[in-house]
Structures are given as C-alpha cells and as structure tokens.
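*Asks:* For the record, the sequence lines run as chains A and B. The first sequence: position 19 = 19 (UniProt numbering), numbered continuously. The second sequence: position 5 = 5 (UniProt numbering), numbered continuously.
Be aware that a few hints might be false.
As the list makes no split between identical chains, a pair holds if one copy fits it or if it spans any two.
[Stated by the list, open to error] Here are the computed lysine to any residue pairs in the SDA-like style, where the Cα-Cα straight-line distance is at most 25 Å: (1) Lys120 <-> Leu245; (2) Lys25 <-> Lys120; (3) Lys35 <-> Arg59; (4) Lys280 <-> Pro185; (5) Lys25 <-> Ala149; (6) Lys80 <-> Glu40; (7) Lys256 <-> Val106; (8) Lys280 <-> Ala266; (9) Lys280 <-> Asp43; (10) Lys46 <-> Gln34; (11) Lys35 <-> Leu245; (12) Lys46 <-> Thr5; (13) Lys280 <-> Ala251; (14) Lys280 <-> Arg208; (15) Lys280 <-> Glu124; (16) Lys256 <-> Ala279; (17) Lys25 <-> Leu204; (18) Lys256 <-> Thr246.
Bear in mind the hints are in silico, worked out from the structure with no lab data behind them. Owing to the predicted nature of the structure, the values given are computational and were not obtained by experimental measurement.
Number of protein chains: 2
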Amino acid sequence: MSKPTWLHENFEHTGSAFGLRVTRKLDEVQSPFQKIEIWESTDWGKVMLIDGAMMVTTRDNFFYHEMMAHAPLYTHADPKDVVIIGGGDCGTLREVLRHPGVQRAVQCDIDEQVTRMAEKYFPELCESNNDPRATVMFDDGIAYMANAAPESVDVIIVDSTDPVGPAEGLFNRAFYANCLKALRPGGLLVQQSESPLALMDLILDMRRAMQDAGFASFRTLPFPQPCYPTGWWSCTIAAREPRDLTRFREADAEAKPFDTQYYTAAIHRGALAMPPIMAKALGE
Amino acid sequence: MSKPTWLHENFEHTGSAFGLRVTRKLDEVQSPFQKIEIWESTDWGKVMLIDGAMMVTTRDNFFYHEMMAHAPLYTHADPKDVVIIGGGDCGTLREVLRHPGVQRAVQCDIDEQVTRMAEKYFPELCESNNDPRATVMFDDGIAYMANAAPESVDVIIVDSTDPVGPAEGLFNRAFYANCLKALRPGGLLVQQSESPLALMDLILDMRRAMQDAGFASFRTLPFPQPCYPTGWWSCTIAAREPRDLTRFREADAEAKPFDTQYYTAAIHRGALAMPPIMAKALGE
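Bound-form chain A, shown alone (with noise of 0.2 Å):
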C-alpha cells in the first residue's frame, strides 16, 4: 500500500474545496467523452472522478441516490415508469427498484465506462443491474428524450454531472420540453441543483428553464453530500400540473419495504422546510 496523500478537488465557482485522503489510483479510462478515474482512500472507500471532479464515494453516496430517488418517487401518486437519464453509476436506478410499484426503470448514460467502472468499483451501487424491470443502456440522453413516447413516463430523474461538458444540454428548456412531453399526467421530473449555499443562481436558471418549457410547480429540497461543492447539496423536483409538492406519501414512505441509511419519511419532511436562505433566494 501507498503512502497516503491528499486529493484535493478545488471547485472554481464556489471558491470552496473537498478533499480526501487517498491511497493510490486503482484505475483510469478515457472515454470518448470524458475521462474516469478511481482512487482508494483511507477512510471512504473507493472514489469515481470525472474530468477531475469527485462523482462518487463508497462512504457517501447514500445521501444523494437516496433523495434523488425516493424523494420524488415518494411524491408521485404512483410510479411505475422511471426513466433515469444519466446516473451510469447505478446507484439512482438501485434505489429506485427498491419500489414494489415501479414496472420498468430504464437508464440512459452517455457513457459506457462509467458503468463498467462502477460493477468493478462499486459492485454494490450495481446489483440490481440485472432486475427484469430494468433496462441499462448507454445512449445520449437528450436524443432519448427527445424520442421517448409522449404520455409513457411517471418520474424522470436526471442524474447528472455538472452543467458544463456533456451534461450541458441537460439544464435548458429544449431538453424540459421533451421531457414534459414524455410525463404521463401527474409525471414528475427530478434534478440535482448543486449547492443551496453556493448556488443558487444556478438553481433559478434551471427553474426559470424548466418553466419556460411547461413545468408548472417547482420545489427544492436540500440534503448533505459531503464530496461535492459547500458538502450541502440539493434536488430540484418538478411537476407537470400545478400541485403542491410539499405533500407525498407520507404513509408509504413511513412503512417503506426496505432499508435507507439516510432517506426516511421524517427525513423527507424536514428536507420540505425550506431554511429563510433558499426561501429568499428562490423569492418564495
């Protein structure tokens, strides 16, 4: 083993930094759109980068698959068609199946490699891979939705990196258009927004877009994630029809069939009271 070093990420737009104390490199791929990196640290397992930025630890990934997945799907009367646009980490599509009611969950990452690295590195983030109702496919996103039959999703789940590079034309009104077209009534779209702290125009730019395409009700909710920007992160859901997005079920998400180290309904709750901060920024 190595001796250890630091890893530093430092992130230009927040003026902040994160780092982890790591061992050696495990890995490193070029893909045609990006290059993958998987470090081994001393104290949170393996780490993913992309282009340099930190995507993924062992240690805290729960926080943001977890909200990415079950906060809308527990504010959608009754998913059964998810689509996951991104997320080639598996992570977002595991803890979707993990609902009884979801028929079909279909993943659409760009890359490749970021799977294939994630059933290497991250084995456990992978193990429903292989569940009947789910498909993985390796496909550009915004051509996916831009051809994906109207009215045939419940929950659309972008889960992607940051927007600069490919994951750009993921964060404007051309690709929320289409994404609205495939929601099924009562259809929902989720989407990481980056840090409340830090961030926050960002998130009005993605709110702003996602309205200009049609999206009528909008709602924020904040959660930690250490590894990325501020460590204070958040998810923008979005819902077709006007409706309150305070409210989801409450009762299910209380006798949820399964195990969380992070999201539970009282979680959910208190991710839904919006400290004065984001309330002021957001104009709510």
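We have chain A; now place chain B onto it with these hints.
*Replies:* Frame of chain A, contents of chain B only:
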C-alpha cells in the same frame, strides 16, 4: 490584491479535507493558548483559523451559531440565565441575546485574543457584546463551571474547539458534573458534537461522559456546516432531568421575533428526524 491561492485544511481524523480560495492573510497572533489567523477569501468573506483549523467564515457561520443557540433555547421551557463556555467569536452570544426572555448571558472564553480578532474582522458577530444583559469575560471555562453557584443557570452552551488542546477538558465527566450542578431544574447543556457521518465515536464518548456525570436525556441534532469536517455537523443537547428532547416550544419558535438564515421551527423539527445511519450508531 494578491493572486488567489487555495488554503486546504486536511482533517486527519476523518480522512477528508476542506478548502477555501484565499487572497491574503490579514492578521496573525500567537496568544498564550493558540495561534489565531485571519484570511481573506474570494467567496466566503473572512476566515478565522485557530491552530490551523477553520473556525468561522463570514459566509457559513450562521448554520452553527443559530443551531447552537436557538435549538436549546427553544427546547428549554423558559431560559433566563445562559452561560456560553468558549464562543469567543461572539456569534453564539449574539444569537442567544435575540431571545427577549434571556435576562443574563455570560460568555467565558479562555482566550481574549479570539474576541479581539472577532471584533476587528467579524464585527457583525460582536454587535450584541454591549447588550446590558451580556457579560463577556476571559477565563478558564472549566474553573468557571466548577465555581458556578449551584442551580443558577438555565442553559449552558459549550461552544469550543475540538477535544484536543485547550478544549480537551470540556469533554469529560468532571466538567459535565460541574455543569449539572450549576443547572436549575429543567436545565439543559448543549455542546457541538462533531460530524455525525465520520465522528460518531466521539459523539458516543461524549454522551457516555454526560450520562456518567448524571445527565438524564440526550438528543443529537445534525445540520450543515460546510467549513467543518465532512460539512455535516451536529450539536448534542443533554437534559438535567429525564424528558423528551424532541419536544420544544414550537409555537414560540414559529413566532420568533428575529430573523435567521437557517433556523426555523420547521428546520428544528427536521433536525429531530434522525437518519438511520445516526440512529443505528447511537443505538436508538
């Protein structure tokens, strides 16, 4: 203005790091107890480091100070006398004095230089230091609690650095026993209790020492705090008598006569929703 550089703090005990982009060191003083530095950052305002550990930034200190003050004060039935041990930056004192019912608040930090630096570089945190209800003193907090009159205090807030160096004696049974003796019936002790993701052993040790000293009930509340290890932090409230610490003066908190950036009654309720990963580690 100097060219920005990155100031990284590597947290040996969590294997993670936090950093800020800084432009220059504004001040540095070696007090009899510790080295205090002030840096100017590009996006987080000013930063205070004590012995190399980030203590306060202009931008993110509100999470910590609001939770350390308002969570225990709204959990107590009628807090009139408050003692803050440590807290030399005066941010907790400012929040405590927002409560009109508080008649007396004593801040006892061992290091006068911390307060002198706060007055100069974080004047907004010190804006209540001249409140007639406030006493800002510089003395050994351990001795202060050992000599405190029995049953004279309603809430003790231990707002200290980590349990190494000058603050080590604020995390043991002897100190807690003196706190217990100083509390009136209904009294509460609250202490910053490190990261619930990475430092659960410390929280368990702290709660065991509080229990050995005679405290009867405990509750650990998580909250975001970007500049501390993992960005997910906590405070632990201990009660003199057995009681349900998930109950607090919700109506008073809803109608609080002051503004906050993070704390609200709903955020307090949210912080009482213990994620399974914490509940499991705490055996709850």
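*Asks:* Indicate which option fits the pair Lys256, Ala279 if close means a Cα-Cα distance not exceeding 25 Å: within, between, both or neither.
*Replies:* between (30 Å within a copy, 17 Å between copies)
*Asks:* How do Lys280 and Ala266 come out at 25 Å by Cα distance, when the copy is not named: within, between, both, or neither?
*Replies:* Cα proximity of Lys280 and Ala266: in one copy and across copies (24 Å, 16 Å).
*Asks:* Indicate which option fits the pair Lys256, Thr246 if close means a Cα-Cα distance not exceeding 25 Å: within, between, both or neither.
*Replies:* Both, since 19 Å and 23 Å are each at most 25 Å.
*Asks:* How would you classify Lys35 and Arg59 at a CA-CA limit of 25 Å: within, between, both, or neither?
*Replies:* Classified as within; 22 Å inside a copy, 33 Å across copies.
*Asks:* State whether the alpha carbon distance between Lys280 and Arg208 is at most 25 Å within one copy, between copies, both, or neither.
*Replies:* Cα proximity of Lys280 and Arg208: one copy only (16 Å, versus 40 Å across).
*Asks:* My question is about Lys25 and Lys120: at a cut-off of 25 Å on alpha-carbon distance, are they close within one copy, between copies, both, or neither?
*Replies:* For Lys25 and Lys120, only the intra-copy Cα distance (14 Å) is at most 25 Å; the inter-copy one is 45 Å.
*Asks:* Between the shortest in-copy and the shortest cross-copy C-alpha distance, which are at most 25 Å for Lys280 and Asp43: within, between, both, or neither?
*Replies:* between (37 Å within a copy, 19 Å between copies)
*Asks:* Cα distance capped at 25 Å. Does Lys46 pair with Gln34 within a copy, between copies, both, or neither?
*Replies:* within (19 Å within a copy, 36 Å between copies)
*Asks:* Could you figure out if Lys120 and Leu245 sit no more than 25 Å apart (CA to CA) within one copy, between two copies, both or neither?
*Replies:* neither (38 Å within a copy, 45 Å between copies)
*Asks:* For Lys25 vs Ala149, is the C-alpha pair at or below 25 Å within one copy, between two copies, both, or neither?
*Replies:* neither (42 Å within a copy, 58 Å between copies)
*Asks:* Are the CA atoms of Lys35 and Leu245 at most 25 Å apart within a copy, between copies, both, or neither?
*Replies:* Classified as neither; 37 Å inside a copy, 49 Å across copies.
*Asks:* Is it within, between, both or neither when you check Lys280 against Glu124 at 25 Å Cα-Cα?
*Replies:* between (39 Å within a copy, 20 Å between copies)
In this structure, the hints that do not hold are numbers 1, 4, 5, 6, 11, 17, in rising order.
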